[in-house]
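> Chain residues, written in single-letter form:
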Amino acid sequence: MSGSNAEISRDDVAHLANLARIDLTEDELERLAPQLSVILESVATVAQVAANDIPPMSHAVPLSNVFRPDEVRPSLTPEQALAAAPQVDQQRFAVPRILGEEA
Amino acid sequence: MTTTSADPVTFEDALERYDPVMGMEVHVELNTASKMFCGCSTVFGADPNTQVCPVCLGLPGALPVVNARAIESAIKIGLALNCSIAPWCRFARKNYFYPDMPKNFQTSQYDEPIAYSGWTEIEVDGVSYRIEIERAHMEEDTGKSLHVGGATGRIHGASHSLVDYNRAGIPLIEIVTKPIEGTGAKSPEVARAYVAHLRELVLGLGVSDVRMEQGSMRCDVNLSLRPIGVTTLGTRSETKNVNSLRSVERAVRHEIGRHAAVLDGGNRIVQETRHWHEDTGVTTAGREKSDAEDYRYFPEPDLVPVAPSREWVEALRAQLPEPPSLHRARLQADWAFSDLEMRDVAGAGAMNLVAETVAAGAAPQAAKKWWLSELARYANEHDIAIDDVPMSPEQVAQVQGLLDAGRINDKLARQVFDGVLAGEGTPEEVVARRGLEVVSDDSALGDAVDRAIEANPDVAAKIAAGKHAAAGALIGAVMKEMRGRADAGRVRELILARLG
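From first to last, the protein sequence lines are chains A and B.
The opening position of the first sequence corresponds to residue 1 in our numbering, with each subsequent residue numbered one higher.
The opening position of the second sequence corresponds to residue 104 in our numbering, with each subsequent residue numbered one higher.
Chain B on its own, in the form it takes in the complex (with noise of 0.2 Å):
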């Protein structure tokens, strides 16, 4: 019933003999405040089965109302994605059994979406990719199952599943592209590019958190190969809950070569869901999609149609913030920043932290510097998303701040920035803590140099000859003895002041 495996193949080899094809669906969690339809809180991480009711626990007679706001934020991103908007639409009962869905029916949308033939536009390397937007459609989110008795907490091997359906119910939005084509051996990039550039697009909406480790945006990577010059589709396989931008990635790459060894050794693809293993950067088959896979799908019944008005589009569209990549360019005029020196903050997915740090004051290289190398850094060790890194924009500027102050040097900026990343507090309490500041007063700094002039005669001696250079030398010691804190600017001039 699966593939089975047959020599690897490389992903340069599988792309001399084969055009891949990519399809994506991502799912975005809104940041409603209350569930779809009904009022229940969605706050992340409450304890299991606290906030559930009679419609998202599915008891009988429990009658479902939309929420207006998520409807306003699937017409919002329906719009940043250049969609039509419908003008009437229904929800339809997506019917199946699983624990997950106690309703024994996921309310979604078929064959009407909200949102449909839209499109967007990302860029890679500097060359610009049109993605084909299908439909963007309004769904609930099911709820969490734990796997008790097996090993790893997956089904295999589980005795029994514990369900909490605090998330059953939370407003989704699927963003499905048309099939991706012509992207080549750049396709893992594309398709991470992609997912980036929706994520940019829709935190800029302010409609989701989209944070991929909590979940609220999971993504689908579909693959199929074709022989280069056949315009017919392969059969694809449908990998679930690619859940970082590294993974997307590297999930493309692996089925890329997965596909290409089963085509050469001329089995053909099933079409099945596959299972994406993070820690091992390979997929392996889940369920085989069969005739038996039949949603029967019909109008919800319980819920009226959804027509939203044109006025009531327009105006929803009047509030759209600026299209990301105008935004761009238009921060990039501000900054005063090269390509590549653009691409550089969007690779690292700092663009809104340089933003910010922008806005609270830093100079925007300045900005800059410190995401792409502190911080960046530090959200590498750590192995988080650089949103994640435990300092705020606003502390960044705050340090660098105290830099253009003269108060610290760049030297103690790096150790005010350890501090307030192990936890220490704000730039100026780490400051003050570590007793970092720059000394720049004449007593204290004046007894350092005496001893550097006393300890370096020779030295002493070029500097009184007139050969300033070498005061390079008396600062270092100085600067040695007072670890650092010395005002280097300072004590060149009392250098001089002595010996000039």
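Chain A with its partners taken away, still in its complex shape (with noise of 0.2 Å):
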């Protein structure tokens, strides 16, 4: 899907919506197709405007090498870290079985 092809299927929608897990219906796919692409154009302008003298950038700040010394900090502790989760058992979050993965 590059910049300038922004023209975005059902397929592509429905492709995407099942790598990121999410149940669309029929009537969803048909009503995001358009809509997506029509995002996808208004972005494209941009590229418009960018000439080759501005660099693509992916970071707001111009920022790099924050970094933090190799030191150990406190953790939370286990009854913390398993607060929110749905199920535990043995000190471990319990999760349903994994599918299509390992024979």
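The set of hints was computed from the structure by calculation and includes no laboratory data.
Be a bit skeptical, because a hint or two may be false.
As the list claims (entries may be wrong) - Mimicking SDA-like on lysine to any residue, the simulated pairs with C-alpha atoms at most 20 Å apart in a straight line are:
#, chain 1, residue 1, chain 2, residue 2
1, B, Lys247, A, Gln80
2, B, Lys472, B, Ile489
3, B, Lys514, B, Thr529
4, B, Lys197, A, Ala17
5, B, Lys247, A, Leu76
6, B, Lys206, B, Tyr398
7, B, Lys247, A, Pro78
8, B, Lys206, A, Arg97
9, B, Lys247, A, Leu82
Grab the two chains, each in its own frame, and use the hints to assemble them into the complex.
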């Protein structure tokens, strides 16, 4: 999906929804495809303004090399860490069995 | 969906028709005190979920900050592999849903690795192989899942999984080779030698424990075959988590035979990940690589770019230890070992152990002897790495010191090794507790010598007649009586003094 080709198909949306684990109905797929196309087109106009002398950037502030020293800081207690877990077993996060990974 | 099994093809058969090409991906867990992006401890073996915080649990609003030492370690590994160090690079999000990564993405690097285009050289049976390094990039480790309900602890048949995030966020360096071609029948050994070499190199840098059995070094083996004479690459399989040197060699050998069988049967190799089974020595199909595997990488917005200055890189380069090949050449000269002796030591994985034993005061030949005999045997019998033998190089040197001082002899030394390995204490303590010290005290020896002469009048007569070589039989008798603890030299003197 390059910036120049802003057309997003229904299948593109279905694929992305699947990757993002979002359950979309047929109606939503149909409705979102043209909406996302419009958004992409709008963003693409920025590319027209940006000439070759303007480098693309991924961050709003031109900073680099923000580091911290390799020092251990206190962690949460296991009780705190697990407080929001839907299910806990043996001081671990219990999650549904994982399918389709390993035989 | 998976390749059907065909008639098995032996490794030797496969190589008559096919040319293997390998690619190695090795993950090295760094030994920083804290995690890659947060201050949680990285100590191995802690209680579950005691080394976690909002950052490594991926809680909303938590912001990562890069560990400076992890960057330094990454640069050092890159430099040791003769890589270029990126003047500017970014982290990227690798998006996927899996419970071992609570953020639903792994912070990694994508098209801007910190180190790239390197090479390293390994040796197999006296032949050098240059391995081209594609890249070494930074990322974070995942949590550990425990699968409950399945009979074997694997995912299959599990009712649910329990996740411990202590490991999530520990810094990893992934080192990826370019395709390794032209290694033919030596491929399994080249793969093993490469991983062993990498292990030694990283250990020398002091940036990781590189303990394969603890998972601080993990290896994925990519392999494809192509008919001999063809230059395009065949379809590859990726065998995951091959976690011992021996397994690397076996997995390559197995995959060569398996690929050949599939290709011979007129089938095609499916590009997939495969799981290595240590116990049975085979791989089984895992996930098929498909279009659905789309990680949607994008630059990590929460971390600013890393732009190591050239001064910083050069300062780190100046700290690098001698490369293993030079180091080895220097050791060989210092120790006066032959090429074969060096190969034996390297093959046993005992180079550093021998070096430390020599540094602790033992003669090189003696250090080599113990590591390649008693201690290698112990490691083998207990199925552990030689580094994990419960005896330190200092202790080995102490045993040799006792020998050199004449306080024990060779036979007794073996008993001292047994005792130290059995956890009975230091060499001195074992000698004291087991009463292993050589007896050279004349009054204690004299009685035994007298009894030996009395019991063997024929031998005594020969010695008295000038046949000093016959003394060996009497020395043996004294040794037997004193359960090996007599000072043989002194016993001989006493015998000759009485009969000579």
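> Look at each hint and say if it fits the structure.
Hint check results:
1. B:Lys247 - A:Gln80: The hint holds at about 19 Å.
2. B:Lys472 - B:Ile489: Measuring from Cα to Cα gives roughly 14 Å; hence the hint holds.
3. B:Lys514 - B:Thr529: 18 Å, holds
4. B:Lys197 - A:Ala17: Holds: B:Lys197 and A:Ala17 sit about 17 Å apart, inside 20 Å.
5. B:Lys247 - A:Leu76: 18 Å, holds
6. B:Lys206 - B:Tyr398: Between B:Lys206 and B:Tyr398 the Cα gap is close to 14 Å, so the pair holds against 20 Å.
7. B:Lys247 - A:Pro78: Holds, at roughly 15 Å.
8. B:Lys206 - A:Arg97: Answer holds: B:Lys206 to A:Arg97 is near 18 Å, not above 20 Å.
9. B:Lys247 - A:Leu82: 15 Å, holds
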